[in-house]
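Assemble chain B onto chain A, guided by the hints.
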Amino acid sequence: MTYSRLAGLALATALAATPLAAQDTQEKVLRMVPNASLRLLDPLTTTAYITRNHGYMVYDTLFGYDEDYRPQPQMVQDWTVSDDGLSYHFTLRDGLVFHDGAPVTAADAVASVRRWMDRDLTGGKIAEVLDRIEAEDDKSFAITLKQPFGPLIDSLAKPSSVVPFVMPRRIIEEAGEGNIDEVVGSGPYRFVAEEFRPGVSAVYEKHEGYVPRDEPPSYFAGGKRVLVDRVEWLTFPDDQTTANALAKGEIDLIETISSDTLGMLEGAPGVKYDLRASANVPTLRINWLQEPFDDPRMRQAVAAMISQDEFMAATVGDPDTYEVCGSLYGCASPLATDVNALGTQPPDVEKAKALMEEAGYDGEKVVILDASDVLSFRGLAPITAQYLRQAGMNVEVQSMDFSTFLSQRSKQVPVSEGGWSIAFGVWSAPDLMSPLANLNLDTRGTEGYAGWGSDEELARLKDEFATATTPEAQKDLAAQIQARANELVFYVPLGTYRTYTAYRDNVTSPLPSPVPVFWGIDKN
Amino acid sequence: MIRLILMRLAAVLPVMLVVATFVFLLLRLSPGDPALVIAGEQASAEQIAQIRRDLGLDRTLPAQYLAWLSHMVQGDFGVSALSGQPVLALIADRVEPTLVLALVTIIVTVVVAVPLGAVAAWHHGGWRDRIVMTLAVIGFSVPSFVIGYTLILVFALRADLLPVQGYVSPFDDPLASLHHLVLPAATLSIVFMALISRVTRASTLEILGEDFIRTARAKGGPEKRILWRHALPNAAVPVVTVIGLGIASLISGVVVTESVFNIPGLGRLTMDAILGRDYSVVQGLILVFSLTYVLINLAIDIVYLIVDPRIRY
Numbered sequence: 001m002t003y004s005r006l007a008g009l010a011l012a013t014a015l016a017a018t019p020l021a022a023q024d025t026q027e028k029v030l031r032m033v034p035n036a037s038l039r040l041l042d043p044l045t046t047t048a049y050i051t052r053n054h055g056y057m058v059y060d061t062l063f064g065y066d067e068d069y070r071p072q073p074q075m076v077q078d079w080t081v082s083d084d085g086l087s088y089h090f091t092l093r094d095g096l097v098f099h100d101g102a103p104v105t106a107a108d109a110v111a112s113v114r115r116w117m118d119r120d121l122t123g124g125k126i127a128e129v130l131d132r133i134e135a136e137d138d139k140s141f142a143i144t145l146k147q148p149f150g151p152l153i154d155s156l157a158k159p160s161s162v163v164p165f166v167m168p169r170r171i172i173e174e175a176g177e178g179n180i181d182e183v184v185g186s187g188p189y190r191f192v193a194e195e196f197r198p199g200v201s202a203v204y205e206k207h208e209g210y211v212p213r214d215e216p217p218s219y220f221a222g223g224k225r226v227l228v229d230r231v232e233w234l235t236f237p238d239d240q241t242t243a244n245a246l247a248k249g250e251i252d253l254i255e256t257i258s259s260d261t262l263g264m265l266e267g268a269p270g271v272k273y274d275l276r277a278s279a280n281v282p283t284l285r286i287n288w289l290q291e292p293f294d295d296p297r298m299r300q301a302v303a304a305m306i307s308q309d310e311f312m313a314a315t316v317g318d319p320d321t322y323e324v325c326g327s328l329y330g331c332a333s334p335l336a337t338d339v340n341a342l343g344t345q346p347p348d349v350e351k352a353k354a355l356m357e358e359a360g361y362d363g364e365k366v367v368i369l370d371a372s373d374v375l376s377f378r379g380l381a382p383i384t385a386q387y388l389r390q391a392g393m394n395v396e397v398q399s400m401d402f403s404t405f406l407s408q409r410s411k412q413v414p415v416s417e418g419g420w421s422i423a424f425g426v427w428s429a430p431d432l433m434s435p436l437a438n439l440n441l442d443t444r445g446t447e448g449y450a451g452w453g454s455d456e457e458l459a460r461l462k463d464e465f466a467t468a469t470t471p472e473a474q475k476d477l478a479a480q481i482q483a484r485a486n487e488l489v490f491y492v493p494l495g496t497y498r499t500y501t502a503y504r505d506n507v508t509s510p511l512p513s514p515v516p517v518f519w520g521i522d523k524n
Numbered sequence: 001m002i003r004l005i006l007m008r009l010a011a012v013l014p015v016m017l018v019v020a021t022f023v024f025l026l027l028r029l030s031p032g033d034p035a036l037v038i039a040g041e042q043a044s045a046e047q048i049a050q051i052r053r054d055l056g057l058d059r060t061l062p063a064q065y066l067a068w069l070s071h072m073v074q075g076d077f078g079v080s081a082l083s084g085q086p087v088l089a090l091i092a093d094r095v096e097p098t099l100v101l102a103l104v105t106i107i108v109t110v111v112v113a114v115p116l117g118a119v120a121a122w123h124h125g126g127w128r129d130r131i132v133m134t135l136a137v138i139g140f141s142v143p144s145f146v147i148g149y150t151l152i153l154v155f156a157l158r159a160d161l162l163p164v165q166g167y168v169s170p171f172d173d174p175l176a177s178l179h180h181l182v183l184p185a186a187t188l189s190i191v192f193m194a195l196i197s198r199v200t201r202a203s204t205l206e207i208l209g210e211d212f213i214r215t216a217r218a219k220g221g222p223e224k225r226i227l228w229r230h231a232l233p234n235a236a237v238p239v240v241t242v243i244g245l246g247i248a249s250l251i252s253g254v255v256v257t258e259s260v261f262n263i264p265g266l267g268r269l270t271m272d273a274i275l276g277r278d279y280s281v282v283q284g285l286i287l288v289f290s291l292t293y294v295l296i297n298l299a300i301d302i303v304y305l306i307v308d309p310r311i312r313y
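First to last, the protein sequences are chains A and B. For the first sequence, position 139 (counting from the first letter as 1) is numbered 139 according to the working numbering, and the numbering increases by one without interruption. For the second sequence, position 101 (counting from the first letter as 1) is numbered 101 according to the working numbering, and the numbering increases by one without interruption.
Just so you know, not all the hints are guaranteed correct.
[To be verified] Stretch-level coverage of chain B by chain A, calculated; a stretch enters the list once three of its residues show a Cβ under 8 Å from a Cβ in chain A:
| hint | stretch |
| --- | --- |
| 1 | 54–65 |
| 2 | 82–89 |
| 3 | 152–158 |
No wet-lab data here; the hints were simulated from the structure. Quick reminder that beta carbons are idealized off the backbone N, C-alpha and C, glycines included.
Only chain A is shown next, with the shape it has when bound in the complex:
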């Protein structure tokens, strides 16, 4: 062999072994830190947002909301509704396939919708008026109602907790009343079960068989095009460490970062950040069952002392990230209204005192529950306590961890026996956007959501809303519902704020969406 041949062989070998050659086949791995640790995998058995986010990775939905909060067909190709609003026919689009290779059939969709109706508040309302739901052939199914249910399609596009995700019928049948153990969806990513480490990491790989829609992506609608091969969700227990890891390039993206934490990353080379589309709404709930708040005038006195602006300035701080919103449904909701708004005015001590006197308040203890280990709850209890003391209430703040908070809040007993008067929640705005899905407007009393409000008039208005078939009628009823709910003070929104997402500059900006989504995001 001549020298030149040897050199040529060596060059060829070297080229074959260069990193450049390897890069062509290198996986694109997006390493990101979600806002919580994923443990539960069945999105229909918990309202935890992290499990919902996991659901959007692996499952697809029949309909999805676009950025105007209008439902658009997603797995559905086309659909029709009869003139009387009782019969719906749906046809699934071509090419839908589960991660195990089985085609998605109408029977899977029917089983999934049935399971969702059993587990969701809005789904339960639909079940009350459901005549039948059945597959007509492999690709078509029908829903027949006993009476019209106006927001049926909106409900099937429901974007927040307990989403009507489509799952294989065989898995639903195997699970029965229990949890789903096998994670098989038809969504844009496949869950890698063998790499799942609860509390540490979850791994998703691109679903090669996924056929995105042709339309451009818009929130949960349009083409869900996956541009990376693998997404790793890594749980970090410490904000400072998370920020350091992003600054050092050890991770690619932090899903949620507060303006406070963002300060740690200011000036870090290679780090970008955007304000998220998702809005959070902290809310104040009052216990209707016990003194002194079994009297609506006392609840009105609390509402009179709430100023969203004051709460947001104290707990969020950055005025670019919060707003005052008088709508119980959030200001982005198509149903937004400012009728009889609460919390949009400065604290009114005189009004509160007058209401307390009218109600005969006699210094009964007001217990405020404070989940002091939850960042998004921080400050809510002490601020509320301060304002209520100004009005003359005898307030005690009880601080505890979140698990104890949940336990305490479920107690219906009087304050003297370990009960509570005021507690808080923090909601993703889509959870509030409909009177049917908004749990804070639950009217089932002691059988319902903590706070246990009940009112026949409000329940009647919600039933009317469910049967309203035009957007105008729905909006009108939503305004009536808000007026009534705020008169009785079902809950008080404490403002609306947004957080940031931060990422490396070799990652494209995440698509805007109320829920973090990982389609349309690329890494170079």
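Relative to the frame of chain A, chain B by itself:
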């Protein structure tokens, strides 16, 4: 010695039973409910009730205790309420990072702190003693998270020599594993070095005042030999005790360091399980920790026999 081992091992069962019962009652009687954590903040009363039924939490306390105990007897630690995974699998997944970190930490600590303590004692009152004791006071006084963040700032962010966080198994990539372990092991070592060097110094000082040391000196033995051969082995008993307890606490309680360096070890698992009221995981972990303490105490007793033949049980 075999009799000692057998007796100690026989004592493990009643200890574990008492610990298990205590932990079971403590968890059940403390406020919190895993069903509420699982269901999430927005769950309805029906959803919560269903989860409580699924977890068996609607049964009476004695019924729950008996069911749990009967499973434990069969080696079944149960299933995590929060993740649905077997408790033993969860613990097994987190053991390796904790053990590796503990091992590296304790090796570094002993190799550095014992000689430092001995040297400080030998030069009692001199500048070497003052330097060692000053460092020990600093190591004691500064919280581990401050040490951790400072090391990250200097060596990971500024000097760009080491990673900020994470854990790599030595079985997958020994070099990368070492790379990731340097900062967390250094953080923990600083704290334990302070403790062990002080104990070594105090113990050695006491021995250096003994008659047999004076005799060794009177016989004209070399100073180094007197320190390392005569004084230090005789000062070993309290040092061994502290090292043993140090290993036990490294295995069961380094939550802060694991959080600062994002190491998925037993400390983080314990904290997550407690905050989530994941009863079966907390119970499983406490039993594992109890067993660890019992075995380490046994190991300490055996080491006593080796380093000090005068000891008899």
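Legend entry - Coverage claim, chain A over the stretch 152–158 of chain B, checked by counting residues with Cβ within 8 Å (three needed): With 3 residues in contact (Cβ-Cβ under 8 Å with chain A), the coverage given for the stretch 152–158 of chain B holds.
Legend entry - Per-stretch coverage check for the stretch 54–65 of chain B, three Cβ contacts closer than 8 Å to chain A: violated (count 1)
Legend entry - Per-stretch coverage check for the stretch 82–89 of chain B, three Cβ contacts closer than 8 Å to chain A: It holds: at least three residues are needed, and the stretch 82–89 of chain B offers 4 whose Cβ sits within less than 8 Å of chain A.
The structure does not agree with numbered hint 1 stated previously, though it agrees with all others.
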